[in-house]
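Student: Whole structure, please, built from the sequences with the hints as guidance.
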Amino acid sequence: MITRYLYQNPRIVWLIVATMLIAGVSSLAVMPRLEDPVLKRRVAVITASLHGASPAEIESSVTIPIEQWLNEFSEIKQVRSNTRANFASVVVELKDRINDPVNVWSSIKSKLRDNAGQLPEGSSEPELTIFPLKAFAAILAIIPNSDGVNQPFQHRRLARELRQRILDLDATESVALYGDWGEEIAVSVNPESLASLGTSVGAIAQQIAESQTVPAGDADHEGMQIMVEVREPDQLAEQIENIPIRSSGSSESIRLAEFARVAKNPTTPQSTAVIVNGKDSIALGVMVNNDARVDIWDEALAQVVSRFETESTGEYAVVPLFKQSDLIHQRMVNLMGSLAISTGALVVIVALMMGWRCMIVIAVSLPLSACAVVCGLRLLSIPIHQMSITGLIVALGLLIDNAVVIVEEVRARLFAGKKPLVAMLSAVRQLRMPLMGSTVTTILAFVPIATMPGPSGEFVGSLAVSVILAIASSLVLAITIIPPLVIGLGVNVRQQSLIEYGIRFSPFVKFYRRTLQTTFRWPMLGVLLGVALPLAGLYCAQRLEKEFFPASDRAQIQVELELSVSATLESVRGVTDQVVPIIAADERVENQYWFLGESAPTFFYNVVPSRRNSPYYAQAFIDVKPDSDINGLVNRLQAKLDASILNARVLVRKLAQGPPFDAPVEVRVFGDDLGQLKKLGNQIRAMMSENEYVTHTRSDLGSTIPKLSLDVNEGLLQQTRLTQKELSKFLYVNLMGARAGTFFDRGVQVPVHVRVDHSNRRIIESLAAIEIRSSNQAIPAGRGLHGNDAANKGFKPTGSGYLLGSLGEFQLVSDVGAITRIGGQRVNEVKAYLKAGVLPSEVTDGIRETLQQSELGLTGQNRIEFGGETEKRTQAIETLVANGVVLFSIMLLTLVTVLGSFRSAFVIASVGGLVVGMGPLALYVFGYPFGFMAIVGTMGLVGIAINDSIVVLAAINVNDKRRQTRLAGDVGENASLTAAAVSCDAEPEQPQELEDVVIGCTRHILTTTLTTMIGFLPLVIYGGQFWPPLAIVISAGVGGATLMALYFAPAVDLLLKGKSRVA
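Residue numbers (my numbering): 215 to 1277.
These are calculated hints, taken from the structure and not from any lab test. The beta carbon of each residue, even a glycine, is placed where N, CA and C say it ideally should be. Watch out, some of these pointers could steer you wrong.
Below, simulated DSS-like cross-link-like pairs (lysine-lysine); rule was C-alpha separation at most 25 Å, straight line [stated by the list, open to error]:
| id | residue 1 | residue 2 |
| --- | --- | --- |
| 1 | Lys868 | Lys1049 |
| 2 | Lys868 | Lys537 |
| 3 | Lys1175 | Lys632 |
| 4 | Lys893 | Lys921 |
| 5 | Lys291 | Lys254 |
| 6 | Lys868 | Lys839 |
| 7 | Lys839 | Lys493 |
| 8 | Lys921 | Lys939 |
| 9 | Lys632 | Lys254 |
| 10 | Lys1049 | Lys760 |
| 11 | Lys309 | Lys291 |
| 12 | Lys323 | Lys309 |
| 13 | Lys868 | Lys760 |
| 14 | Lys868 | Lys943 |
Cβ-Cβ distance ranges computed for the label pairs, FRET-style [to be verified]:
| id | residue 1 | residue 2 | range |
| --- | --- | --- | --- |
| 15 | His543 | Glu523 | 47 to 57 Å |
| 16 | Asn285 | Gln449 | 46 to 56 Å |
| 17 | Glu307 | Glu523 | 33 to 43 Å |
| 18 | Glu424 | Glu307 | 38 to 48 Å |
| 19 | Gly551 | Asp887 | 55 to 65 Å |
| 20 | Ala516 | Asn359 | 17 to 27 Å |
| 21 | Ser595 | Lys939 | 51 to 61 Å |
| 22 | Ser320 | Val745 | 52 to 62 Å |
| 23 | Asn285 | Ser320 | 14 to 24 Å |
| 24 | Leu383 | Asn359 | 20 to 30 Å |
| 25 | Gln1089 | Met950 | 39 to 49 Å |
Tutor: Pasting the structure below:
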């Protein structure tokens, strides 16, 4: 037997202890450290562009084909698309059961690549980008020094150089650039020059592209191969200016600089920008591998940045906008502090309840169990983060239960006069299976949390894994290492003082016994006492507010700014310049970091970068002073911005925990008719706006874009020998320019664009003056026309072509801004954004009731569903309880096996069912909403709370067996005992035997109850808004379960046996 061997070889015991400590400390030193759990990459976006096309055209020709290609993948959970002018994005979410999404994404990429040729001519190849769903480890910005002048091209090259240096660091996964304005060679030609040369933008671009230098070959020289090339000028713009351009139908050429302006500029139009401290900057978002220690990596990053700043010209500085290592350090300090407080409190409680010798043994078991958990996490590749460490805190009060039981039993046998070896071996033999049974039931309660698929499960799953590892390790220690340590430390059987034995409850035993006598004389009193609090809790549950996950306690907020979809980046910049001083005026705000034209880098794990190529949009993350009233700050800033910024939607939002969603309240209206969907959306927006807690509303179909439409006369168009398609291409090139290839400039590829200069004319006049040419040749004036008819129709030929304005009339009309589709069906998603501190469930219920009472005029093609937090919460809860029935059956099987009685198993199951009501009662008393973490706590509570009742019922069953076998002389040593039986070693006498059994079990029940409740105390005090619901549910539930174990369980057992005890 292992225990005997360890008792006989104490050196092995200490060697095992030392090995466990070394393994735990070394594992802790090398394990990855992150702030939050990493979610699997089940979400990606597919993007494609078709310039010059309207949203409806792109929907039919690009979006729908991509959706149809995705239909063959059964692994996909949802396909959601957003189509707007020139651009389509399709967000793909995989099912929660997909644990290895890499292969699925690879198959989808292959499908897109194989079918890209089916998309219309001119559309880009679909590009799939997988969302990492984790925060950047660091976000840096390169900004000009206060006394320096920004040189954009040098600025950009420095950013790219720093990016490469960071990529060279070990553990760096990727580096993304934000605010990179790019660079290009812009060739600007006015319409008059094009007309006089008799050429076109496309022809000029083609000649520029053909002029690129190509290798001139190799030459052999004295046994060596030498590459030969034509040297290019040092200045790329100078090189392009000297390119000869031939006019149409002529062999003569003219230098490009003689009729066009050539300049090296940032890319036009600018699509993105970063503003830090009021200056244009370039930001770098750095992602590290999941197995990295961010704190060590950050030290290496600091060295790279320091060397970079030293070697640079000094005109630019590298400013850290966000460093995850600082947050990890602070979180680890807080969690370790909570762990130390819990450990200290547990040691004091054990010392008071059981004496100093037992306290030392149990105190030794705590770090051993913690080391075992750390080693287990390392083997399971689970990093150190807030969830895994908090799981250890949650388990702290539970993992000593087995140690308390085994120590108390060994000590009781020593006090009874048994020899140390006999006392130790008999205790382990009797408790081995019962302790295993109680441990299994507790583990089963946390299995649904640990195995829950999807983002919610990945977020909280490591907490349950830590609890399971801690409880399992405590069982192994309790039946192997702990008994020899108890014997080795010794027990003073001659002295039962407070220091040696613990607190004696003699003054209270008489009163306590009377309450038990009264309860067991009338067992229904015990039943009523047991069901009163749970029923009150179930009643309170109906009055609790519901939430998904609480807000984050991080000292940061985010701000989103949105104009109409037709707005330019310069317009957004102008509004941003107004917003920045308003926010900065609040003394609680420390820093603002603005990202224009796209979403901000992921500075928090669930802030998903959902916007790209969006010049009408900007997002900022803002650092605020620690311990600020975030709710008050958000509401105050929102009110100020609403009063000051009237031409844009500005949202100030807190950071939220859990899976991401765009808006807390979402109502989706499905249908085919865009006009009907827009009308219904406007009605729903009006209803939402009437709610006092709603700050802003938004509808996917609420915005429109201006469109200049040319009504072409088909008869006149035929005279130009151009088709509608060719005319559209011709017009696109004259408006957007033509790509003229790429040239190398100091190791960087720089694109060249040729554009028509419309700056000196109004847009309609400039378009009307564009000369139309055939795709093959110039069309002589008047050819194919019938003189006066052409003049009467306003068809005005030039010397070699025709003016665009002569082909028809321009009309300024509006078009839908974007078309959203979910699951292959058009939808108008109406979103409501709420005041900080308001629970979305309350607003959702009010809006749902209003919609039910209103008459929206829905047709048979329309349907309504709710999204936002409501959808995410429902999905998470359904996934969590999916395996509950199976695990409950396994738990019952375990109880029957351990207790050997269906009746006792029924009593325990009743306790487990009733204790569920304790959680809502505690939440109602302390004023917390009923959220996901409260549900997690309730599921764990079921497995924890029944242990005390198992203790009492097992002791009662053992007492019954002893009484039955007493006359036969076969007394208790070989009886099947459980964890409870150990406290009842003395044979009780009639008529007080039942009371004696319960009183004999009370000491260690109170000890384990107090240690469990106190173990959660730091989470209640220092856990912000996230942890208290879980801690309160379990703590209050365990306290209530103790009363049920001492009164309810024996009373129900008496009723089921059909008898009562009369003292």
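Student: With reference to the structure, classify each hint as holding or not holding.
Tutor: Now for the hints, and whether the structure bears them out:
1. The suggested pairing of Lys868 with Lys1049 holds, with an alpha-carbon distance near 10 Å, which does not exceed 25 Å.
2. Only pairs whose Cα atoms come within 25 Å are accepted, and Lys868 paired with Lys537 is accepted, the gap being roughly 19 Å.
3. For a cut-off of 25 Å, the pair hint linking Lys1175 to Lys632 stands: about 22 Å separates their Cα positions.
4. Proposed proximity of Lys893 and Lys921 is supported: the alpha carbons are some 21 Å apart, at most 25 Å.
5. For the hint linking Lys291 to Lys254, the alpha-carbon distance of about 14 Å falls within 25 Å, and the restraint holds.
6. Under the criterion of a C-alpha separation no larger than 25 Å, the hint pairing Lys868 with Lys839 is consistent with the structure, at around 14 Å.
7. Of the supplied pair hints, the one linking Lys839 and Lys493 holds, its CA atoms being roughly 23 Å apart against a limit of 25 Å.
8. For a cut-off of 25 Å, the pair hint linking Lys921 to Lys939 stands: about 18 Å separates their Cα positions.
9. At most 25 Å may separate the alpha-carbon atoms for a hinted pair to count; Lys632 and Lys254 exceed this at roughly 56 Å.
10. Taking the CA atoms of Lys1049 and Lys760, the gap is near 16 Å; set against the 25 Å cutoff, the hint holds.
11. Restraint check: the Cα-Cα separation between Lys309 and Lys291 comes to about 5 Å, which is no more than 25 Å; the hinted pair holds.
12. Under the criterion of a C-alpha separation no larger than 25 Å, the hint pairing Lys323 with Lys309 is consistent with the structure, at around 17 Å.
13. For the hint linking Lys868 to Lys760, the alpha-carbon distance of about 18 Å falls within 25 Å, and the restraint holds.
14. Restraint check: the Cα-Cα separation between Lys868 and Lys943 comes to about 46 Å, which exceeds 25 Å; the hinted pair is violated.
15. Between His543 and Glu523 the beta carbons are some 23 Å apart, a value that contradicts the proposed interval 47 to 57 Å.
16. Checked against the hint of 46 to 56 Å, the C-beta distance between Asn285 and Gln449 comes to roughly 53 Å, which is consistent with it.
17. For Glu307 and Glu523, the Cβ-Cβ distance of about 42 Å falls inside the hinted range of 33 to 43 Å, so the restraint holds.
18. For the pair Glu424 and Glu307, the supplied restraint of 38 to 48 Å holds, since their beta-carbon distance comes to about 46 Å.
19. The hinted window of 55 to 65 Å between Gly551 and Asp887 holds, with their beta carbons roughly 60 Å apart.
20. Between Ala516 and Asn359 the beta carbon distance is about 19 Å. The supplied range of 17 to 27 Å therefore holds.
21. With their beta carbons about 55 Å apart, Ser595 and Lys939 fall inside the hinted range of 51 to 61 Å.
22. Evaluation of the 52 to 62 Å hint for Ser320 and Val745 yields a pass: the beta carbon distance comes to about 56 Å.
23. Remark: the range hint 14 to 24 Å for Asn285 to Ser320 is upheld by a beta-carbon distance near 18 Å.
24. Separation of Leu383 from Asn359 is about 25 Å and conforms to the stated range, judged on CB atoms against 20 to 30 Å.
25. With their beta carbons about 43 Å apart, Gln1089 and Met950 fall inside the hinted range of 39 to 49 Å.
Violated hints, listed in ascending order, are 9, 14 and 15; each of the other numbered hints is respected by the structure.
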